[in-house]
Amino acid sequence: MISNRFSVLIVLTACFNHGLDGSTLSFDNGNFHVSWRYEKDHDELHFELNVKTDGWVGFGFTFTPKKMNNYDVIIGGKTQAGTPYLNDFFTVGLTTPVLDFKQSYMLDMASKQDGITTLHFHRPRITSDSEDIQFNMTTSVFILWAYNKIDDARDPSSFSKHSRKGYSSEPHRIVVEAIPTVDVSSQDSTKVTTFHLSTPPLATLKPAKALGFQLNLSTMTIAIAFTLNLFVQLVLK
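Going by mature numbering (1 follows the signal peptide of the UniProt record, and there is no 0), the letters in the sequence shown line up with residues -22 to -1, 1 to 215, in that order.
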């Protein structure tokens, strides 16, 4: 039993060290970084790219990464004259991407500094465009990346081929909601104990196999948080 002179404030926080408070991946030996988050209130996906190049940057998704079939991609950058741009494309094979009739991706910011090109952009989770991939909570896709040292892609009908390209080694979920913070407190608390329950970036979480079961780390975090929450409520009674 806890003395009346003391009460306990226990704050259970699920801490995620992700870019944009979402998920982060790095490609090409750290030359290409992508972060994203899902904004439930607006039902939008927000992205940030940081790429070591002064040229154009490409990014996108696919279910089948080989042979450039059915890629949902953007190409963007900032010209030497300082004009930002971003265009929405789809691919039909090993040829120049085709400009999408419906431009579903919207540029929020483009910058170029110290050899790093940065793009911030967003799109609706559901675009109602047959040439875009539509996302739900279980959709997993391969992530595509590319860039060029030359920034000549403002004209979507004619630009140089990528100098570097690739795709993720495995599919990733794009729509991921953060675990809510649980706060159990007393108004006259004089002692504070904080527990930080940390997980690696959601994009890198892999199931752990034991005794024939598959346990997802984010699910384990939720279970631990609620167990501690119940314990605290019993103690504070």
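Hints listed in this document are in silico derivations from the structure and should not be mistaken for laboratory results. Just so you know, these numbers come straight off a predicted model, no measurement behind them. In this text, a Cβ means the ideal position worked out from N, Cα and C, and glycines have one as well. Any given hint might turn out to be false.
Under the rule of at most 30 Å between Cα atoms (straight-line distance), these lysine-lysine pairs were calculated in the DSS-like manner [stated by the list, open to error]: (1) Lys80 / Lys44; (2) Lys18 / Lys45; (3) Lys18 / Lys127.
Simulated restraints, written as ranges between beta carbons of each label pair [as the list claims (entries may be wrong)]: (4) Lys44 / Ser108: 19 to 29 Å; (5) Pro149 / Asp92: 27 to 37 Å; (6) Lys30 / Pro62: 25 to 35 Å; (7) Thr117 / Val70: 19 to 29 Å; (8) Asp92 / Ser4: 28 to 38 Å; (9) Lys139 / Ala59: 19 to 29 Å.
*Index of numbered hints that the structure contradicts, given in increasing order*: Hints 2, 3, 6 and 8 contradicted; others consistent.
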